[in-house]
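> Next come the chains, spelled out residue by residue.
Number of protein chains: 2
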Amino acid sequence: MNSSTSPAADYLHLVRMGIDTHQQPVVFIRSDCHVAIAEGFNANAQVEIHTTDQRLVAQLVLVTNDRLPCEQAALSEAAWRRLGCPPEGEKAWLHHAHPVESMSYVRGKLYGERFDQQRARAIINDIHAGLYSDIQLSAYVTACAGDRLDTDETIAITRAMVDSGLRLEWDNDVVLDKHCVGGLPANRTTPIVVAIVAANGLLMPKTSSRAITSPAGTADTMETLTHVQLGFEQMQQVVEKTGACLAWGGSVSLSPTDDMIIRIERALDLDSEGQLVASVISKKVAAGATHVLIDIPVGPTAKVRSEEKAHKLRQLLETTAAAMGLQVRTVISDGSQPIGRGIGPALEARDVLQVLQNDLHAPQDLRQKSLQLAAALLEMGAAAEPGSGHQLAERTLLSGAAWQQFERICQAQGGLKQPQPGAFSHCIYASHGGVVAYFNNRFLARLASLAGAPNAPGAGIELHVRLGDEVRAGAPLFTLYAQAAGELAYALDFLDGHTDVIRIEEELV
Amino acid sequence: MNSSTSPAADYLHLVRMGIDTHQQPVVFIRSDCHVAIAEGFNANAQVEIHTTDQRLVAQLVLVTNDRLPCEQAALSEAAWRRLGCPPEGEKAWLHHAHPVESMSYVRGKLYGERFDQQRARAIINDIHAGLYSDIQLSAYVTACAGDRLDTDETIAITRAMVDSGLRLEWDNDVVLDKHCVGGLPANRTTPIVVAIVAANGLLMPKTSSRAITSPAGTADTMETLTHVQLGFEQMQQVVEKTGACLAWGGSVSLSPTDDMIIRIERALDLDSEGQLVASVISKKVAAGATHVLIDIPVGPTAKVRSEEKAHKLRQLLETTAAAMGLQVRTVISDGSQPIGRGIGPALEARDVLQVLQNDLHAPQDLRQKSLQLAAALLEMGAAAEPGSGHQLAERTLLSGAAWQQFERICQAQGGLKQPQPGAFSHCIYASHGGVVAYFNNRFLARLASLAGAPNAPGAGIELHVRLGDEVRAGAPLFTLYAQAAGELAYALDFLDGHTDVIRIEEELV
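Quick mapping for you: the protein sequence lines, in order, are chains R and H.
Each residue of the first sequence is one higher than the last, beginning at 1 in our numbering.
Each residue of the second sequence is one higher than the last, beginning at 510 in our numbering.
Take the hints with a grain of salt, since some may be wrong.
[Said to hold, decoys possible] Taking beta-carbon pairs under 8 Å as the criterion, some of the chain R residues facing chain H (in silico):
1) G18
2) E379
3) A382
4) A383
5) A384
6) E385
7) A423
8) S425
9) A456
Just so you know, the hints here were simulated from the structure itself, not pulled from any lab data.
All values derive from a computational prediction rather than experimental measurement.
Note that the Cβ used here is the ideal one computed from N, Cα and C, for glycine as well.
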């Protein structure tokens, strides 16, 4: 510490506290230090910290004992990173954060005002600058939920999100992408589709999200197979080499506000249709895509529960995409049960490898759905005539070309790993015989999340049955995996109260 | 520390960390401790802590260095208090917090479902139990904002809030209370009204809130004059002695969820009509009132901006009150400018003393409005015939009986103090001559808040002019007070960008 600090100095010296508060930046100062007194700070206030060249808004925690010296301001890891990793002892000035002016637009929205382009931009820019506290982010997410964003507002938010981050550019005229609206556990088609499409010479630089409320996003699953946190330059190198990549979108600063919004949506188990469309389309535009295939699974316990809602969502997706200059094709698919056997990053990755390697044990539903989506993309990219995409996709898979392409992509991203299911497992058996009649996707997803997915990549579920299967009493229905005993117990607790995860109906004789 | 802790123990030892996180309970544990590993904890997760006899949900912070030993769980002040102030080293078990089931009702509300009595009770009970994180509380507050609670929902929330706390009972048939919907800075009539009414033998055990988004609530103002944090027994003693009290509602556990909701509303600068009515009526019912007078100031920059909205609010207040068995009378008053000179706890208290002491310098508008409200209550309580309440109120004030009654109440609450305006002040002068044509109540309130009110009780504004006053260039308009130089500077900063706090219009000749 700099011992020359006089009591009258209006700054504090930064130290790294070694405290993980996730993405929320936090700063700790003594309640009786000169800055706290001069500024009249209260606990949990939002304060602006600035050094000679960086600026950040963080949550203030007041320390009331002498574990922290009076002349220090101790930063959580998130705060330290976002201030550019300042050296120990760097001078910093702390002030009350200015009221976030764009929050008045969020409040206005609750009273029926709309987001025009200027308001959308102000909100997204303030979120991007880290000016929104978690409480304020939660109010924004909640204000948008329940279909309260109309088409123009969705387009305005989409444009603001694109403009707040990097935008990739590729030389090709056709740059393919795909997206699944989700809500269906497992359903990990993307790595297979990308491999098939890229093996046919089309460009598909795929960036994916982490899970919002599901047990795994494509980025979470791919992370069990290779590195996904590619910087922009590394991503370009991978795409140059292989015509494709399978990267995490957050690490290349595409639509960077999205991850901040997603974190709150996850905590609330809530996402809005308009915000969902803005999130999807902004990521695609920022990734430089020209043609996008969007899969909307529909089922009673999927995210989209009726054909009617699927058509409404398709409409909003297509209109927003068109406004942003994107070509979009939408597939409405069966969302009544998971696709594939595994739910959770490592277990899904195992399914993906089996399909790509033409393993006889590979889940056929995942194989079929991947071929269907790859076929559509091959046709959109003009690698196949309309109607002959499926044949080409299947040939690419059977010949091993897709698997080789997948290996090339993973090698270029830093090497191919073997996914590791969690060491703790527990099998659930049928209590009576009958026919598998119903999967509660939401309960399955919740169960896998409680077991630790996606943060624990080996956690999740392996399904042993499909809709329509006949089972006897005592037959295995699914196995629960976890990386920690506590998490396994926690998931089993949930199962105690929710027996209707998979329903077996006795056959009428 | 207990050195017998084996690595296999499934508990940690509690220590008090000396960290003020306001009302948010936080627990710090090492990221590499056995409990964090066994449970698979992530930073910022909600965790349940239980000791042998207490239970609490807190936010988890992971410590990544050795400032904290592996076998300890360090509690923030709020967590420590809510766990019943456990002794150093007490054993505690930490687990993932169960998902808060009632959040599904909050999500449902966003999609058009309604709160019935069971749902309202589930939400309020979970909030009361401390199960809602700040993010979840923010979603609840936002979901209710924008007039989204209908009458039945408002009644359901009101009943749930009453049932979650204590309910006071008084022997009298008539127990009077009053409330002002707010939004008007200053307007501190309550202490004067209570003194006049109680001096005439009526029972008025008044509990008040702290400020929501305003620079002071009645409890904040009264706190500069006497003790307001009375326990229930002390409050009863004061009321027995004097027929009245002027206490903070939060300290007697009346509608305890209200303060938790208010904290979030304040952070968002947002409150909903339904939640406002639930808050007001639940407090009155819980306080044991039978007859309540409600003042709704209306003005372009008051909380209620039009007669139409005032009538809608009156309707909701009266219907909800009736459902809860309360008699309510509503006064719609002029909210175009502050009432009284002072804005902020100490400055408002000074006005109150001047009126009660028949000081010649006392603000006449505050005096008149207090007499009007006291008159209505004297008539509601049958101490005066209809039409003669005003005469009785004025006599009570002029004779000194009201002041003596106020002194008695303060003495019974622990003594009468002199309010102290902040030591830092700055006078704002008219830039040109003319007539005072407009007060922006919101800007005035914001300015007083930025200067530190209500947390700094001496902070605020003293007004030197009223609507219609003629002023010359250079005449003093108002003086800003603060307790810290930083806060004064911060408020003056705001003034730089918002010159239209008080508008002077030049007269046409």
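> Each hint should be assessed against the structure and marked as holding or not.
Evaluation of the provided hints:
With a cut of 8 Å, the hint placing R/G18 at the interface with chain H holds, because the nearest CB-to-CB distance is about 3 Å. Contact between R/E379 and chain H, as hinted, is not supported at the beta carbon level, the nearest pair being about 37 Å apart and thus beyond 8 Å. Taken as an interface hint, R/A382 does not check out: its beta carbon lies about 41 Å from the nearest beta carbon of chain H, beyond 8 Å. Interface restraint check for R/A383: the shortest CB-CB distance to chain H comes to about 42 Å, outside 8 Å, so the restraint is violated.
The beta carbon of R/A384 comes no nearer than 41 Å to any beta carbon in chain H, farther than 8 Å, and the hint placing it at the interface is violated. With 8 Å as the threshold, the beta carbon of R/E385 stays out of range of chain H, its nearest partner Cβ sitting at about 44 Å, so the hint is violated. Hint status for R/A423: violated, given a least beta-carbon distance of 12 Å to chain H, over 8 Å. Checking R/S425 against chain H by beta carbon gives a least distance of about 15 Å; that is not within 8 Å, so the hint is violated.
Residue-level restraint check for R/A456 holds (minimum Cβ-Cβ distance to chain H is 5 Å; threshold 8 Å).
In this structure, the hints that do not hold are numbers 2, 3, 4, 5, 6, 7 and 8, in rising order.
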